[in-house]
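Visitor: If you want the building blocks of each chain, they are given just below.
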Amino acid sequence: MKLITHNFLSSKCMKGVNVGFPLKISASDVKVTEVDFNPEFVARIMQKIDYPALYTATESIGHLEDLPKQMVENYENDEHFLKKVHHALLQLEVINGELICPETGRKFPITNGIPNMLLNEDEI
Amino acid sequence: MSRPEYLAPPEIFYNDDEARKYTSNSRIIDIQVQMSERAIELLLLPDDQPCFLLDIGCGSGLSGSVLEDEGHIWVGMDISQSMLEIAVEREVEGDLLLSDMGQGCPFRAGTFDGAVSISALQWLCNADKTCHKPVQRLYKFFSTLYACLSRSARAVLQFYPENCDQMELVTSQAMKAGFFGGVVVDYPNSTKAKKYFLVLMTGGNMPLPKALGTEQDANGVSYTTKRDRLKQARGKSVKKSRNWILEKKERRRKQGKDTRADSKYTGRKRSGRF
Ligand SMILES: C[S@@+](CC[C@H](N)C(=O)[O-])C[C@H]1O[C@@H](n2cnc3c(N)ncnc32)[C@H](O)[C@@H]1O
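Which chain is which? The protein sequence lines are E and H, in order. Quick note on numbering: UniProt numbering labels position 116 of the first sequence as 116, and the sequence is numbered without any gaps. Quick note on numbering: UniProt numbering labels position 174 of the second sequence as 174, and the sequence is numbered without any gaps.
Please note: incorrect hints may appear among the correct ones.
[Claimed, not checked] Pairs of lysine to any residue residues, derived as SDA-like cross-links and limited to a Cα-Cα distance of at most 20 angstroms, are as follows:
hint, chain 1, residue 1, chain 2, residue 2
1, E, K31, H, E91
2, H, K129, E, I124
3, E, K12, H, S143
Honestly, the hints are just simulated from the structure, not real lab data.
Chain H on its own, in the form it takes in the complex:
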């Protein structure tokens, strides 16, 4: 399937028919909800505190409903009238704005405790009008997003980068706008489950959260070294050393096996005269 960004501008692509799928197509709904839940997890909001959040490209409000379920109050912005009408129809609690993220986030400084965006950011990489310059629009978006977040707040944006260049373009504009962070790739080895989350931080450079589904490839290296370290920590002796032999004999005796008595010669090097 060709990428929807190539078919039409978002305000046209997300027409009434496309918007309708967000209430009727259970696959679309499930994926949107799952990604929203993961995005909130990556936001690292303080426990049990109702927060004020921004949903960028909020569309039909599926992502917003997840924010509500977690007890937060949200404001959503989207460029598609049809998608927003679905959100109204779904009676979401969040407040909605018709606006273009490429024109900036129209809020006072420090407004939000965090921001999420589900499957919208890749649209900004396209030039839909002659006046559209993706780099400028991305920068405008990120710099105004940075300004409207409170200090130490995060933004988590799930998106579908078309290729490495696009990922690089998006990340570099975010960093230029003052953010720290980078892309977390969940399930990198699965074509279907693979998901990209741009995790942006305002309050200094913190380690990126761990991606999901990466254990398999890490196994080969980290698991064995970890096991060796654990063994030493448990106080096991080096193989073939006197202690190792004594321990082994002791185990055999406990198992009731015929074992020679220990002597001062146990575990000594043979002279080689044999």
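Chain E on its own, in the form it takes in the complex:
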């Protein structure tokens, strides 16, 4: 699971959960992969990114590196900043660990890079 996915993922499909975002991450295995930098895409997706959630997620998997705590203004043309965000969103990947619902504490295991979001009958 890449952090871009985490930044949009919610447990709200579960009965009794209102927002279900952001899910907490407990990572036991993180992989860093090289992904082509596409400044246009990163600048566009930044309009929807919940930056505090991205910051916390990056920190919680131990890969904060030099991601700024605050989002910079006019980031569209700030290649330096966009590259850092690109790294956090697309190059960091949680391979094993779990996601934790912020409201119920329900755990969703991540195995082989794939979060298991399947719900039990009594959770729907």
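We have chain E already, so just place chain H with the ligand on it with the hints.
Guide: What follows is chain H with the ligand alone, placed relative to chain E:
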């Protein structure tokens, strides 16, 4: 062949053996890729803009690879562990989730610029467990899909409806969830090439895209009327009118044929005394 939905639930039917076909059977691969390409075309995404897309029932990621080739970033969800493992093995760029579309799309509001689904939707029409109610699962799916799309985004879902009732059931639940749109049927006259695409729109009711391979049956009607209109637009005269006769004589003269001179009587009605 009986429909796979009747054989077993999807997470069982798409086991390791079935999943393997998605890397080894070139016919399956070709069809999946072709339908994915058509689905993207029907999405009408803005030109040259890398988009963030959802692939529902992404399976082995054949459809996702087509999205990648077009320069998009995608997230896929599928209920079959075996299919997702094939996607990992194929090293797709998209991110994968093990999840059941009938339980809803687990994303924040407005996440995606568009969504595609290739050959998965018909699975939702089946009740695989006693707790499964197809209508409810379809509605849950469509309403959460609607919510996680950005405004003006589209979803294109290729599927194999079993009959008219099923098509009606699926479409009505999508409309109830807030979508506009309907089913586009490509190559309706061919048993083999016929394909159903549910085209869903969030930003108001727009005309449905044109289906492929429908020209033949339209010929009889629209072609002739179109030709007549064109003729008039080109300024041709009504047959047997004075102008028509004069034009015809002029053409004959140009061709060097023996033609009588024009006179004031040309094209006049005979009195009937003969
Ligand atoms: C014909 S395959 C298409 C695979 C995919 N388009 C590809 O490129 O490999 C249909 C897929 O739909 C998935 N599917 C069926 N029911 C589903 C459900 N309720 N939720 C999520 N995926 C489902 C199956 O697991 C299967 O992988």
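Visitor: If a hint holds in the structure, say so; if it doesn't, say that too.
Guide: Do the hints match the structure? See the list:
For the hint pairing K31(E) with E91(H), the CA-to-CA distance comes to about 14 angstroms; that is within 20 angstroms, so the pair holds. Simply put, K129(H) and I124(E) have alpha-carbon atoms about 14 angstroms apart, close enough for the 20 angstroms limit, and the pair holds. In summary, the hint linking K12(E) to S143(H) is supported, as the alpha carbons are separated by about 13 angstroms, within the 20 angstroms threshold.
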